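Those sequence lines, one after another, are chains A and B. Residue 52 is where the first sequence starts when you use the working numbering, and the numbers rise one by one after that. Residue 90 is where the second sequence starts when you use the working numbering, and the numbers rise one by one after that.
For the record, the hints were derived by calculation from the structure and aren't laboratory data. It cannot be assumed that every hint is accurate.
Said to hold, decoys possible - Here are the simulated DSS-like cross-link-like pairs (lysine-lysine), alpha carbons at most 27 Å apart as the crow flies:
1. A:Lys152 with A:Lys108
2. A:Lys108 with B:Lys146
3. A:Lys132 with A:Lys119
4. A:Lys108 with A:Lys132
5. A:Lys127 with A:Lys108
6. A:Lys127 with B:Lys146
Stated by the list, open to error - One side of the interface only, derived from the structure: several residues of chain B facing chain A at Cβ under 8 Å:
7. His118
8. Tyr122
9. Phe154
10. Ala177
11. Leu180
12. Gly189
13. Gly191
14. Glu193
15. Gly197
16. Gly199
No experiment lies behind these values; they were computed from the predicted model shown. Beta carbons are placed, not taken as given, at the ideal position from N, Cα and C, and that holds for glycine.
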Amino acid sequence: GQNIDQPTEMTATEGAIVQINCTYQTSGFNGLFWYQQHAGEAPTFLSYNVLDGLEEKGRFSSFLSRSKGYSYLLLKELQMKDSASYLCVPNQAGTALIFGKGTTLSVSS
Amino acid sequence: GAGVSQSPSNKVTEKGKDVELRCDPISGHTALYWYRQSLGQGLEFLIYFQGNSAPDKSGLPSDRFSAERTGGSVSTLTIQRTQQEDSAVYLCASSLSGGGAGYEQYFGPGTRLTVT
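The task is simple: from the sequences and hints, build the whole structure.
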């Protein structure tokens, strides 16, 4: 089984930096995905962390600490189009991914 | 290349009727997943196919729901005797492999099912 904890909602302004935290408890942990889902659309892949540390991909970075069961997604230079839900999804050995409701981020001008 | 496709994009049906939803995964992807999402809710896992292994049906909400994957490619999700609570967006996803291998899932656009 698994438990995932991330904030339900966050707000930020254009140009700012926002960090979305996620703590998890997962048996058979292999790595952690972050997905983005805009309202009315299907989720799209953002990142996958297997090892501890920070991985940067353009304006988005994702961090993982396996020993702490902790990850965060860092979004820089926020744009209005970044308003979406962000889903923290632990990858559990031998099972399908379980997606929660994620964190709904609202970016205002 | 082509992504995951689903049909129909929208389906309106009367309570009690059966419906079939189709998913065409990306060619070569051995893992295929079905989820559903009600308005304002997270994705609910339904069923997972991995190659020739027995599917993981642990997420199917009732025996009215079933799914097949023929030839390791196209999948059909069937809902019998539809109920109003079945109204949701049904999403299909595929990945190169599953079972915790860490391959990203590619989602189709979904089928919006409305049961009246």
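Hint by hint, here is what the structure shows:
no., hint, in the structure
1, A:Lys152 with A:Lys108, "holds, 24 Å"
2, A:Lys108 with B:Lys146, "violated, 35 Å"
3, A:Lys132 with A:Lys119, "violated, 31 Å"
4, A:Lys108 with A:Lys132, "holds, 17 Å"
5, A:Lys127 with A:Lys108, "holds, 11 Å"
6, A:Lys127 with B:Lys146, "violated, 40 Å"
7, His118, "violated, 14 Å"
8, Tyr122, "holds, 6 Å"
9, Phe154, "violated, 15 Å"
10, Ala177, "violated, 13 Å"
11, Leu180, "holds, 6 Å"
12, Gly189, "holds, 4 Å"
13, Gly191, "holds, 5 Å"
14, Glu193, "holds, 4 Å"
15, Gly197, "holds, 7 Å"
16, Gly199, "holds, 6 Å"
Consistency note: the structure conflicts with the earlier hints numbered 2, 3, 6, 7, 9 and 10.
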